[in-house]
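Student: Construct the complete structure from the given sequences, taking the supplied hints into account.
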Amino acid sequence: MPLPSSISTKLILPSMFLVLLAVTCSGQSTTGTVTMSATVSKFVEINSGGSVTLTGNSGGGVTTDGVVNTPLGVSINLGELGPSNTNSFVTASVPLKLRSNAPYVLSMSATVTSSGSTTNKIGPADVGFGLGTVSRTGTGVNTGGSDTNATSGDPTLAANGSVNGTSGRYEFTAVRSNLNAFSSSTTALNGAFIMNAVPRSNANGLVVPASFAIKPQFFENGTTTISVTFTVTAP
Amino acid sequence: MRLQHVTFSLTAVLLFMAFAQSTFGQALDISSGGQPTITGTLNGSVTGSANVTSDLVVTVNFGEVSPLNTNSIVKVTVPIGVRSNQPYQVTVSITGLNNANVEALQASDVGFGIRNMRLLGGAGKVCTQSSHLIRSPFDNDPAISATIGSSGRVAYPSSLGSLSGATVILSGPQLSKNNSANRQTSDGYAFDAILALTPQFFASGVSSATLIFTISPGPNVPC
Numbered sequence: 002m003p004l005p006s007s008i009s010t011k012l013i014l015p016s017m018f019l020v021l022l023a024v025t026c027s028g029q030s031t032t033g034t035v036t037m038s039a040t041v042s043k044f045v046e047i048n049s050g051g052s053v054t055l056t057g058n059s060g061g062g063v064t065t066d067g068v069v070n071t072p073l074g075v076s077i078n079l080g081e082l083g084p085s086n087t088n089s090f091v092t093a094s095v096p097l098k099l100r101s102n103a104p105y106v107l108s109m110s111a112t113v114t115s116s117g118s119t120t121n122k123i124g125p126a127d128v129g130f131g132l133g134t135v136s137r138t139g140t141g142v143n144t145g146g147s148d149t150n151a152t153s154g155d156p157t158l159a160a161n162g163s164v165n166g167t168s169g170r171y172e173f174t175a176v177r178s179n180l181n182a183f184s185s186s187t188t189a190l191n192g193a194f195i196m197n198a199v200p201r202s203n204a205n206g207l208v209v210p211a212s213f214a215i216k217p218q219f220f221e222n223g224t225t226t227i228s229v230t231f232t233v234t235a236p
Numbered sequence: 173m174r175l176q177h178v179t180f181s182l183t184a185v186l187l188f189m190a191f192a193q194s195t196f197g198q199a200l201d202i203s204s205g206g207q208p209t210i211t212g213t214l215n216g217s218v219t220g221s222a223n224v225t226s227d228l229v230v231t232v233n234f235g236e237v238s239p240l241n242t243n244s245i246v247k248v249t250v251p252i253g254v255r256s257n258q259p260y261q262v263t264v265s266i267t268g269l270n271n272a273n274v275e276a277l278q279a280s281d282v283g284f285g286i287r288n289m290r291l292l293g294g295a296g297k298v299c300t301q302s303s304h305l306i307r308s309p310f311d312n313d314p315a316i317s318a319t320i321g322s323s324g325r326v327a328y329p330s331s332l333g334s335l336s337g338a339t340v341i342l343s344g345p346q347l348s349k350n351n352s353a354n355r356q357t358s359d360g361y362a363f364d365a366i367l368a369l370t371p372q373f374f375a376s377g378v379s380s381a382t383l384i385f386t387i388s389p390g391p392n393v394p395c
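Sequence lines, in order, name chains X and R. Under our numbering, the first residue of the first sequence is numbered 2, with each subsequent residue one higher. Under our numbering, the first residue of the second sequence is numbered 173, with each subsequent residue one higher.
Don't read these hints as lab results, they were simulated from the structure. The reader is advised that the hints may include incorrect statements.
[To be verified] Derived list of chain R stretches under chain X, where covered just means 3 residues or more per stretch with a C-beta under 8 Å from a C-beta of chain X: (1) 219 to 232; (2) 293 to 301; (3) 324 to 336; (4) 362 to 375; (5) 385 to 393.
[Said to hold, decoys possible] Examples of chain X residues toward chain R, derived with CB under 10 Å: (6) Q29; (7) T36; (8) S38; (9) K43; (10) R100; (11) S101; (12) N143; (13) N191; (14) F194; (15) N197; (16) V199; (17) R201; (18) V233; (19) A235.
[Said to hold, decoys possible] From chain R, some residues computed to sit far from chain X (all C-beta separations above 12 Å): (20) D201; (21) I252; (22) R255; (23) P259; (24) T267; (25) M289; (26) R290; (27) H304; (28) P309; (29) D313; (30) K349; (31) S358.
Keep in mind the model is a prediction, meaning the values are calculated, not measured. The beta-carbon is built from N, C-alpha and C at its ideal position, and this holds for glycine as well.
Tutor: Now the structure itself:
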């Protein structure tokens with residue numbers, strides 16, 4: 002029986018469509034995609050900013066010195082702190098180097114342990130403390146960033162301490178100028194992000210000296226251990 | 173059924189099939205060129221098919237790129253397969269990665285280069301009158317050619333910042349010998365798209381971007 006031409010036409014068009022579909026759906030494509038993501042977490046670090054400077058000491062010395070750009074871990078023997086040391090102050094300056102990609106907070110906590118048994122032993126209030134001038138210099142450093150020093154700076158400055166007129170004991174009286182203010186973790190410095198977008202191999206950063214001072218006095222004889230911990234965070 | 177109609181129908185189908193093959197069969201095609209890889213990452217990954225007959229769909233997670241990642245560089249190699257029965261060009265365009273903070277990750281912080289144009293196999297077309305040309309400045313491995321700029325930031329000979337719209341990165345003569353309608357494992361070429369990212373003190377945050385690779389008719393060069 003002859004097939005009507007309309008049926009023949011109906012066969013041709015679906016066939017062509019199927020062929021076209023088979024070709025265009027053969028797994029070929031003219032485009033491809035690569036989707037990417039990356040994470041940058043807040044980063045802070047504290048290292049030694051260099052060698053410790055010890056002055057006014059009688060005996061003692063720097064037992065373990067700071068090595069720039071290595072983890073901070075220094076040990077200092079302040080020597081004799083009784084009246085036999087005739088220097089005005091025994092001071093130790095410890096350079097700190099901070100780096101961050103975010104606003105930072107430098108906190109400090111300290112403990113002072115003396116072998117004496119009276120109030121005349123060396124206590125936290127007898128250890129002056131302050132952070133010196135903050136330096137943001139070098140390639141890759143956010144030199145325009147500002148910092149807030151919560152301490153009163155060099156504890157040996159006349160403005161930061163004096164002899165108590167009643168007790169006669171020398172006292173570091175300015176704000177956060179002695180270790181009594183740091184019996185628990187307390188902010189010493191905070192500021193804007195320190196480093197621009199540069200690799201970690203860039204050795205620059207923010208450098209600030211941490212100064213400790215003790216006025217030789219008629220302290221109760223004995224030995225004293227002072228332990229200080231610096232912590233930097235990016236809240 | 174009249175013989176005239178049958179003959180006409182059969183002829184039409186055959187002619188259309190032949191036309192379709194010559195028109196669409198492997199005219200221009202881009203696919204995976206093999207297994208993508210990643211090195212130097214911290215908590216990163218790359219996913220994509222190792223099968224060169226699969227579509228090019230790759231997801232790269234560079235992972236942590238702050239100084240927490242102490243590796244010198246994160247390198248991702250994405251093999252890309254290309255096939256054509258005519259001169260071609262490959263373009264790349266980028267979307268995303270437009271952080272307003274200049275200290276955050278920028279397109280220029282992701283090195284991008286093309287290397288290692290190679291035959292997929294015996295069905296790839298070897299042309300003697302024209303070569304496959306990696307367009308300037310992309311003919312480099314950014315992972316080994318990174319430098320430190322005057323600002324201290326890492327710079328690359330070419331980066332995602334070198335892309336402007338649909339940027340031609342590669343062009344050349346016919347890539348495939350045959351006109352198979354389907355991808356074969358050996359009927360074209362592959363090249364490596366290399367991405368490199370040096371961990372730095374970037375401003376914190378998560379960044380993302382998408383690269384779109386497109387193959388299209390290229391300059392009419394002889395084979």
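Student: Taking the earlier hints as the rules, which of them does this structure contradict?
Tutor: 2, 13, 18, 20, 21, 22 and 24
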